[in-house]
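**Student:** Read off the chains here:
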Amino acid sequence: RKEVEQDPGPFNVPEGATVAFNCTYSNSASQSFFWYRQDCRKEPKLLMSVYSSGNEDGRFTAQLNRASQYISLLIRDSKLSDSATYLCVVNVWNFGNEKLTFGTGTRLTIIP
Amino acid sequence: NAGVTQTPKFRVLKTGQSMTLLCAQDMNHEYMYWYRQDPGMGLRLIHYSVGEGTTAKGEVPDGYNVSRLKKQNFLLGLESAAPSQTSVYFCASSSWRDGNEQFFGPGTRLTVL
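Residue numbers (the working numbering), protein chains in the order written: chain A, 16 to 127; chain B, 3 to 115.
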């Protein structure tokens, strides 16, 4: 089983719609969680951290479910500029070493 | 601030050739990382460094060496390139002062023939 699993998509969604992605992780010792965004042929950039109580940043909402070991990302009122690949990232600290594990990404295309 | 920069941006090598990829950051970050990204595989950690003069192996270190002689630079070396090393290489840096967010460079596209 992969440490971090994501549905690769593609998700083709009309502009203005709401879309949600899930990501599951296998290591119950995982301590911090992130969503990164990667545009085509560009570097990944942090979209948002994911907190235990859930958090919102504008149109984006992230949730963490430790019991079921998954995180989710919800995008409301989607824009054309939201088209990108979204990477789920899980962090484990082990004896002073940080291990960041990236999912393979979910590709999202917003259709006009 | 330039953030994280990588040189070169593109390179084509023949099997058996060697090369060094350079990563530089101007954010005074303690941690630096080298990843490779392949289709369907996600980003995989090659080597990383928690400070000047220290390096450690990541998930896929074989065939690569690294050095961190200065805090702002992290070099990735391929001593004898193989076609399996064709990939996009990303460097990243982070600091506890920035919440351990990893800032990535623009990437190096390497093709080994």
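Please note that the accuracy of each hint is not assured.
So the derived list for chain B, only partly shown, Cβ under 10 Å to chain A, looks like this [what the hints assert, rightly or not]:
| hint | residue |
| --- | --- |
| 1 | V6 |
| 2 | P10 |
| 3 | Y37 |
| 4 | Q39 |
| 5 | R46 |
| 6 | G60 |
| 7 | V62 |
| 8 | G79 |
| 9 | G101 |
| 10 | N102 |
| 11 | F105 |
| 12 | T113 |
Just so you know, these hints were derived from the structure itself, not from any lab. Beta carbons: idealized from backbone N, C-alpha and C, even for Gly.
**Student:** For each hint, tell me whether it holds in the structure or not.
**Tutor:** Okay, the hints, checked on the actual structure:
1. Nearest Cβ of chain A to the Cβ of V6(B): about 8 Å, under the 10 Å cut. The hint holds.
2. The restraint placing P10(B) at the interface with chain A is violated, with a minimum CB-CB distance near 15 Å, outside the 10 Å limit.
3. A hinted interface residue such as Y37(B) counts as satisfied when its beta carbon comes closer than 10 Å to some beta carbon of chain A; here the least separation is about 8 Å, so the hint holds.
4. The beta carbon of Q39(B) comes within 9 Å of a beta carbon in chain A, closer than 10 Å, and the hint placing it at the interface holds.
5. Checking R46(B) against chain A by beta carbon gives a least distance of about 8 Å; that is within 10 Å, so the hint holds.
6. Look at G60(B): its Cβ gets to within about 9 Å of chain A, closer than 10 Å, so that hint holds up.
7. Below 10 Å, beta-carbon pairs count as interface contacts, and V62(B) has none with chain A, the closest being about 13 Å; its hint is therefore violated.
8. Given hint, G79(B) at the interface with chain A, is violated; its Cβ is 21 Å from that chain's nearest Cβ, farther than 10 Å.
9. The restraint placing G101(B) at the interface with chain A holds, with a minimum CB-CB distance near 7 Å, inside the 10 Å limit.
10. Look at N102(B): its Cβ gets to within about 7 Å of chain A, closer than 10 Å, so that hint holds up.
11. Evaluation of the F105(B) hint against chain A yields a held restraint, the C-beta minimum of about 8 Å falling below 10 Å.
12. Annotation: T113(B) was flagged as interfacial toward chain A, and the flag is violated, the nearest CB pair being 14 Å apart, outside 10 Å.
In this structure, the hints that do not hold are numbers 2, 7, 8 and 12, in rising order.
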